[in-house]
Amino acid sequence: MNSISNLEAVDNIINSTGKVIKKEPISDFQVAYEVNKSDVHQILTSLKLEGWKQLSYLSAVDWPEENKFELVYILLNWDKPVYIQIRAKIDRENPSMNSIIPIFPGAKYYEREAHEFFGIAFPGNPDYKKQLIMEQWDDIPPLRKDFDPRAYSDRKYPSREYPDNFSKKDKENESLEKQAKRRKRARKLRTGGEE
Amino acid sequence: MISTKYTEKKKFNKQEIDRKWWEVGDYFRRNSLWLLMYCTGCCAIELPPSMTSAYDMERLGMGPMATPRQADILLVSGYLSLKTLRRLIYTYEQMSEPRYVVALGSCPINGGIYHDSHPVINQLDQYIPVDTYVAGCMPNPESVLNGFVDLMEGIKNKTANGWKKYHKNYDWYKKNQFDVLGEVVIDDEFHQ
Amino acid sequence: MILSIFIGISIALFGFVLQTSIGGINRKIIGRLQKRHGPRWYQEFIDIFKLLSKRSVSHGWIFDFGVIMALGGIIATAMFMPLTSTFLAFENYDNFFIFVYLLAVGMLGMAMSASGSGNPWASIGVMRALTTMLAYEVPFLIVVLTIVNLSGNSSLTEIMLYQQAAGNNIFLIALPLGGIVGFIALMGMLGKKPFETYIAPAEIASGPMVEYGGKQLGMLFILHEITIFIEVSLFVHLFLGGATNIFEFLFKYFIVYTVANLISNVNGRFKIDQVVKFFYKWPLLMAVTQAIIAIYFGWVI
Amino acid sequence: MASIEFLILFLVGAGIIAYLLTKLNTIVGSIFTIFTVMFVFVSLAQYGFGMDIITTVKILPGISFSQSYLGFYFAILIVFIYLMVSFFHPYFIDKYKYKDSYNLLFLLSLAGILGAFYTNNFLNLFFFFEIIIWTTMFLIPQGKSKEAAVSYFGFSLAGSVSLLLGVFVIFNSTGTFNINDSLALLSGNSAVLVFALFLIAAFAKLGAFPLHIWLPITHGNAPDPFSPVLSGALVKLGGFIAVLALIKITPATVMFRAMDIPIGHYLVAILGGLTIVFGTLMAIKEDDAKKLLAYSSMSHGGYILVAFSILNSMAFAGGFYHILAHALASAGAFMAIAAVSRVTGTTKIKELGGMIHKMPITYLAYLIAIISMAGIPPMGGFISKWLIFQAVIDKGMVFVGVAVFFGSVGSFLYVFRPLAALFLGQEFTEYKHVKEAPILMLIPTFVLMGLNIYTGVFPAAFLKVINNIIVELGYTGITYTTYVISGNNGVLNPALISLVFVVGILIAFIIFILLKKSRKVELMDTYTAGNFIHDEHLFHYSTDFYAPLERLYEKQSHWMTTFYRALAEKVKELGKLGKYLFMSKSLSVTLLWIISIIIFLLWGEVL
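Chains as they are written, first to last, in this note's numbering: chain A, -10 to 184; chain B, 183 to 374; chain C, 111 to 411; chain D, 30 to 636.
Next comes chain A alone, as it looks inside the complex:
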């Protein structure tokens, strides 16, 4: 079975279970579907039954212009060489998506990560609010586009202040003995102590 017909098979599965808003073939082996938020669970279930048994990744993309978050589920099949991305947009204010733990139990940690970085709530996941990667984060979720890492860094981490003449050469280093000494040491290090 070649991959073209695989892609067609995927088409059939997804079309029979839910409404596709937008289809975006990425390559011969990858295809993305944008679906409604409410169809995600059904589509994932039917894909899992058809052999896409591994949830490769779950993440989110922030679209502040549309005021939406886009959740991305990437599925992997161990028998057919096709990656499938299922995308669904959710509201940016009070973002929430039902957990897919009943379908893919491994999604537990992906959902916790998404919650930590984007602030998306996953009802159905018992402990999505627990911290996973960031220890004691004290600002808005960092991967939202309205978060300014530069400002955060400047505010939180003291940075080194350089004098104005920093880039100018040190007068002492220009003396010949000093330079010779440095060269000698460099040679010594390179050759292993032999002069």
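Honestly, the hints are just simulated from the structure, not real lab data.
Just so you know, even glycine gets a beta-carbon here, dropped at the ideal spot from N, CA and C.
You can take every hint at face value.
Examples of chain C residues toward chain D, derived with CB under 8 angstroms: (1) Met179; (2) Leu240; (3) Ile252; (4) Asn263; (5) Gly324.
Could you slot chains B, C and D onto chain A? The hints should help.
For chains B, C and D alone, kept in the frame of chain A given last:
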């Protein structure tokens, strides 16, 4: 001509003897520096060439060690995220004294290419004292070795005394650490 | 008696200096083998004195007491060790079993201290060390049984004299299978590469030594050097006919240690159950075969 | 002058008084028990060494006594262990269900032991053995489970039945029940039969392979202060019978020329070797500290068998010394575990940790006991192992040698496990309130510590007694002076070893003291690859301590247990059949059976 002037006999001076012993100890310490490689970032890739036959760190009496208790140098190689820094400080406090810190690369100096990143700190010597910086992104093995020789000279000239500084300015360091890390104790499911 | 004790102490000190220098020379040799410059030959001394000069941490009284007990036991063992067939501290009392069991005191002290640190890696390392000991000791002791049975005495000097007597070969030749087993067991005792499972720095963070730093680690290094001195000397005395003068001893000692070190450097590391399986397969079989051949049939070259 | 009859009757009487006192107040009864045992011990020690005990019998009917160095050696040792253990009674007795009878049974079993070692008649010996078995059988179930008592009784019964059979065979062929006379008269096939039957009895009591199943079950579940008695003292009864069988009877069988040993003895040595290996392997696996020590008792029983089956005085000396050293070491170790169990309520290794910070003296007692058990100088176990090794090497017994060396090295492994996981390691929060054992319990602890060291440093005093036994058994004693023991192929100077050891420790201590003082840190402040830890239970390596080693033989280790379990099932089924036949609910069927059996018997009588 024999001087008739009364000269005071040299007294047993404990401090002086301690200082002499300390200098003897310094000779051993600078010739046998054991590394704890805290490979936090990309600069760690420069360590294998500086240890193996091309540059052979062992001829300076240096070598890798497994745990902080045994090591003399805490070798910070590369950028430090908050999460790593917390563990780095814990590790640093576990080391036996005298202990030295060598930081590789530009990230521990001023943040390097991660200067505007939200989880990466910019300046290591705010949190623990650093004895030698080796600049570069990444520094090549020669500069790494040069840095170690600098540290040895520092030990000889008694300028590499970061561990003393840490004791002296303990409150200042603790305050900085607390500002950026919050409570150092972590309590979640992975640490129980 | 006092004089004997002083001779014993000086033998222990000599063993420490000898093994530390030869260890350093071997590090140089290995460095040259790997196309490196290698450290200075006195590097091991510097390491040890540096460790002794540092300020260490302590995990309670058993952590310190274990180290003292281990070093004391090992020094006591070294005090019994004869250097040549005539030079030893306590005449007649250099019984082989004293060495085996006094070495165990050092092992026990170190194990106790390591476990007392409360670090699980230390306990795992101790577990591996003891398991390795269970593996190499039995074949080795069977070979020694053969040697003692043949020479009729378990005193090391008597065994040396038996081998040096006219008409007798050294046991490495007289008992070829036993000699091989003895050398493999020596590799296990020294903790050299195929059998260094209990140190395993990358795996269990140097095992029993994980919590040591400063003076405790320095004392353990001294202990380690003296232990190697005892083990290699045992091999020299049991299998290579000992020595009649000190230079012969030094020569044999250097050869044995260097060969063991060279073999170790071209080997990988066994898993711990592989160590046990290995020792209980060929070495034990060879040792028992050798014992039966030598004792019941009397076939000794 | 103490009469052995008086001592036995005194113990019985004191047992009844102790019962009444314990009913009033458990502490008073227990302290009375201590003094009673102390009295017996002191009178034995006063008169026994010079063979000055009166053995005439005035009151007891049908019982006759005589004294020998052999019997005295065992008796004084066991009474000593009883004395040491009795100090633990005031603190433990309240925990037991039938506490009134505990002291009574304890003293009665001691009376049985005195009788068994001082009698000169086989029937008396059997009688006293039964007393011991029956009294201890009611002591054991006061601990954790009744199953322990059942399995103890089952194997003991097998032993005593085979002993009785052996006695019958002896009487049949010699016509006398006197121990020394009859054993000397035995010859031919009956000697071989008695040899085998007595050895079954010895194996059952000693817990040697293949009759070892009861040891861990019984030792592990017995009351905490009774386990030292079981392991240190009662198991040695098997050693006594083994001496009778192996040394006093020499059946005329084929000799091994290479080793100069009769084939029967060689087989016993091989079985002893198997006992050592099995005990060691099972002890390495065991998770309960008491069961672990029980398996170690089994392994040491193997050493005793090996020693007595090598027929020369060196090995005998080793065997007798091993009985002494192991009794002291095992009592010390079991008592340390009992002290821990008293305050924590468990003996499972994985539930305990860091007890050293609470009970340092108990820890030291355990340490010294296990050093002796592992045969490391300067403790008693080293001397006995050295003597046994000398004998084994001298005879050139290769396969026994493998077992003996394996057991010797393996003992490091299993004795270290409770040390590492129970006493050392992380300190558990739930035992923060725990305190060191009270002073009365520390008395025997200190005494045993001292004796364990003394037996290892100055063995001459004990070798004198042992030499008496060896001469009495008809062999020449071993040569020794105040400090030096001479073996067949080497000399040993334990005092010198200890001295050198002390010098070594001193040097190490001086090095340690001269250097910079260390910084004290918490136990939880350990190298964790930089990670933070909060739960000390997860940071304490105790479960499956020797997992990689255990994995190599885990499949093979249970077949013996499976065999005995299947046997027990079969016996149970047989019992059910009997119950079905004889105990049916209808009376008439039972009556019918009874009548038919009576008729059957009468019929046999008439014919």
